[in-house]
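Asks: Protein sequence lines, in the order shown, are assigned to chains A and B. The opening position of the first sequence corresponds to residue 1 in my numbering, with each subsequent residue numbered one higher. The opening position of the second sequence corresponds to residue 1 in my numbering, with each subsequent residue numbered one higher.
Treat the hints as calculated values from the structure; they're not laboratory data. These figures come from a predicted structure and were not determined experimentally. A portion of the hints provided could be inaccurate.
Derived coverage of chain A by chain B (criterion: at least 3 residues anywhere in the stretch with Cβ under 8 angstroms from a Cβ of chain B; other residues may be distant) [to be verified]: (1) 2-9; (2) 27-40; (3) 90-104; (4) 139-145; (5) 178-188; (6) 197-204.
Computed list of chain A residues with no C-beta within reach of chain B, every gap over 12 angstroms [claimed, not checked]: (7) Gly13; (8) Leu24; (9) Ala120.
Backbone N, C-alpha and C fix where the C-beta goes; we use that ideal spot for every residue, glycine too.
Chain by chain, the residues run as shown.
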Amino acid sequence: MTFALLARCGRTGRIGLAIASEDLCTGAVFAHALRSNTGGSVTLGGSPGRNNTLACNLLAQGYAPARVLQELRANDPQCESRQIAVIDRHGRVAAHTGEALTRSALHRIEPGFAVLAGAAVKPSLVEALVQSFTASAALELDERLLKALESAAAECATPPRSVGIVAFGNQDYSDVDLRVDLHGDAIRELRRTYDEYQPFAAYYLERGKHPRQAIPQREFADMLYAGRSGNTR
Amino acid sequence: MTYSIVARCPRTGRFGVGTATFSIACGRRNESVRANVGISKSQAFYDRATDPLVLNLLAQGYTPQYALGVLEAQDPDFQYRQLGIIDRAGTIGVHTGRDIGPWAGHAIGPQCVAFGNGLAGPQVVEGILGGFMAEPDAALEDRLLRAIEGGRDAGGQASNGQPRPERSAWLCVVDRGEHPLLDLRVDLHDRAVSQLRRVFEACDRGHLRVDTR
């Protein structure tokens, strides 16, 4: 059981991807999946990583997502065993579910995002993802991706053991990239990680830009945790 | 506070990085690894733009040492940065800025460098190298994990004499294809290095086995 949501934020232009699976380390698909000011793709099934760079290169040279998808399929003898979604910098989407997959595997194309749902994913889970993501357009993309995963959690036949969210803004590296590779309740663990990470994210950025003014991380953490009950390190 | 190793496998040419740190989600820094080019892993008061620049320079044919010179010339805060670089020839570049604070430093081994800051002392980077060299014929990913465990077991991170927990850890190996062969993360855990070992033992690593090349 694996599902993924690939999206572009209509307000900011950020590109993002959320994924969850009963397999381990599903977030390993993030490498080279997204590219700033270009778009991105996700491939489920087999060893999908090789599609990532090719899809971004084709998007960068100007191919529309539908053409990129054609190229990925033409380049891959096993493409009928895979699911693929592609999004470009305009939010245009294309998706593919291979004919060799079970009938329960499906994808959904929506304005500015696509959902891939592998075998044993309930249609109600896909609906929950779509409803949540559509309803949260005012929030930041990374928060929307996480909320979508949380909305899907109740529809999972078995809890995902690994999950991740990644988003790219205008830098050539991710601005959010969080994973849980092995956990009994991976979506909840990703929420815990995300909430802990948020205040540090700003700190890490500021520390790198202005090292001379930065306080040590330990002091920052102590200040942060001092205001909380039951979570002191 | 962070400790890392970057290395090249002398048998296969694969590159790998292992990291453990108090910071959350250190493995999000996947811009630090580039197949067929090398690894540049910056830490301490790092700037995310550093590693892509270094790798772009390596890809053009510049040496790690030259790339360090470029950084030093353009970065007024260079003495707050720490980074380790390895290129496809196995050449090492490493810099530990003098303003990072105690204890920070590095140790160079054959086609590898261990480096860290906010550590218990120089025994930590020596422990990393010791772990890496314990079984020199083992697979790169095994050696990298042993290296990180060696750093932890040698005292790991400390500030003001107090040990500090590793909250996140990362193990990544890349071969000639752009997509990593192995990319394992623990983003937030009380004992991140032990958890990384647990993920490592649980995940399927069959595709990492090497035929004779």
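Asks: Over 12 angstroms to the closest beta carbon of chain B is the bar; see if leucine 24 of chain A clears it.
Replies: Violated, because the least Cβ-Cβ distance between leucine 24 of chain A and chain B comes to about 5 angstroms, which does not exceed 12 angstroms.
Asks: Can you confirm whether chain B covers the region 178-188 of chain A, using C-beta to C-beta distances below 8 angstroms and requiring at least three such residues?
Replies: holds (count 5)
Asks: Checking C-beta pairs, does the region 197-204 of chain A have three or more residues closer than 8 angstroms to chain B?
Replies: holds (count 3)
Asks: If we take the beta carbon of glycine 13 of chain A, is the closest beta carbon in chain B still more than 12 angstroms away?
Replies: At about 19 angstroms from chain B, glycine 13 of chain A clears the 12 angstroms cut-off, so the statement holds.
Asks: Examine the region 27-40 of chain A: at least three residues should have C-beta closer than 8 angstroms to a C-beta of chain B.
Replies: holds (count 5)
Asks: According to a criterion of three or more residues whose C-beta lies within less than 8 angstroms of a C-beta of chain B, is the region 90-104 of chain A covered?
Replies: violated (count 0)
Asks: Using C-beta distances, would you say chain B covers the region 2-9 of chain A, given that this needs three or more residues below 8 angstroms?
Replies: Per the Cβ count (0), the hint is violated.
Asks: Any Cβ of chain B at or closer than 12 angstroms to alanine 120 of chain A, or is the non-interface label fine?
Replies: The assertion about alanine 120 of chain A holds, with a minimum of 19 angstroms to chain B.
Asks: Apply the coverage criterion to the region 139-145 of chain A and chain B: a residue qualifies when its Cβ sits closer than 8 angstroms to a Cβ of the chain, and three qualifying residues are needed.
Replies: violated (count 0)
Checked against the numbered hints listed earlier, the structure breaks hints 1, 3, 4 and 8; every other hint is satisfied.
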